[in-house]
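**Student:** Could you build the full structure based on these sequences and the hints that come with them?
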Amino acid sequence: MHIALPTAARLQNLESFSRRITETESSALSLSMPSTYFSLHPVVLAAVAAAGQRSIDAGFPVQFEDIPTTPSARYLERMGLFNVLGVDSGLGVHALEEAGRFIPLKVIRSGQQLTKFLVDIVPLLHADDRRQVEPIRYALSELVRNTLEHAGNATPSFVAAQLYPKTGVISIGVADAGSGIRKSLSQSYETDSDLDAVQLAMRPGVTGTTRAPGGTADNAGAGLFFCKSMALTSRNHMVIHSGTGFFKLLRARSEEEASILYSDSKADRATRYDDMPSWPGTLVAIDIQLNAFAEFDMFMNYVRSAYNVDVRSTKRANQKKTARFE
Amino acid sequence: MTIKVEKEVGGSFAESKEQAKQVRMQKILPALNRGEEVILDFAGITFATQSFIHALIAEAVRVEEPQPGLDLLVFRNCAAEVKSIIEVVVSYAQDDWSDIVPDGEASAQPTT
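Chains as they are written, first to last, in my numbering: chain A, 30 to 355; chain B, 27 to 138.
Check the hints yourself; a few may be wrong.
Partial list, computed: chain A residues near chain B (C-beta under 8 Å) [to be verified]:
{"no.": "1", "residue": "L120"}
{"no.": "2", "residue": "K195"}
{"no.": "3", "residue": "T238"}
{"no.": "4", "residue": "R240"}
{"no.": "5", "residue": "A249"}
Okay, derived cross-link-like pairs now, BS3-like style, lysine-lysine, Cα gap no bigger than 25 Å in a straight line [unchecked claim]:
{"no.": "6", "chain 1": "B", "residue 1": "K109", "chain 2": "B", "residue 2": "K53"}
{"no.": "7", "chain 1": "B", "residue 1": "K47", "chain 2": "A", "residue 2": "K145"}
{"no.": "8", "chain 1": "A", "residue 1": "K350", "chain 2": "B", "residue 2": "K30"}
Hints are computed from structural coordinates only; laboratory data are not their basis.
Just so it is clear, CB atoms sit at the ideal spot from N, CA and C, and this is done for glycine as well.
**Tutor:** Set out below in structure tokens:
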């Protein structure tokens, strides 16, 4: 695989990254980057790390065409990319020197490692208000668990994030180079394409571990749906790229549009491709506006209403029992 | 039986499905099968993921014998955020998922 990093790859134009992936017969990764300034979403770093790990595991050291001495390359160093790839960049930058704005690249191989990671990142976020920290941990937990479950064969997931204090937006990227969503769902569902599989995986109640709608006792199959809802209600993007399937939830254009949740992602206002260069696993990227979740219980009420749309329940809402709280 | 969730997960953020499954299998379901009330005490839990709450209680909500599981579950000391997630899971766990709407039909029904 060869990846040519673009000069700009945020979620609104992440296609500029995905289109520059060149799959080869070998798992060996070669990488090139611009010699000038570049700006990359954390999912790009997570993707390069995942592809790099796959290359290293196959016995091929990652090949860099050149590492420029630019601020952008130093950003990659700070985020831990070269360290993950086992490369000495020669840039001499200390990681974490801007703690509070970055969650550097982290490899996660199990649910237990994820739980520890979610504890360890709290000091990094430097947030006084726990209401800003918890939605971040919520999204990280759901996204990483999702990729771990889809990747299979104990394939690691890589995660990184960047906080923009002025706008209150956090960008989160998670990637693996495992088997991908379509293969994962194929245990229980037939799909026509990678894009179909991606969209099916976003539907609440769908999980590769069972054909039974609603999931299993352990898995609701709703993690991606909840994260999509967080992106939509905070008027941001979310992207999933798996195999040749690429789904980009577009930013809601109004408060009204942001308040309409679809459980069927085929109804979402999104950009979709099924001819992207194939990614051997799953990339998931999300931007969320932290202030949008100060009243998280109100957000959950939106989600609850969307959940009911897709199911012709024999019990209408007023026939259901409610939980007993004390 | 009272289960202190904070003690079970070892922190204030409840997200581990492995931990939730352990509590469900070892404590909640056996108690419900005996017809015992189960109090889930969320004191100290500031946030939980839907995946955690699902793994903890969705199967218990669907228990029908010897008594409906939901009748025996009590949720105590829940923060507003945790309460809202429990309400979501309790609601969908009672749905008849076997009659899911085929592809395409749902797209005509936005919810607000």
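**Student:** List, from low to high, the hint numbers that the structure doesn't satisfy.
**Tutor:** 1, 2, 3 and 4
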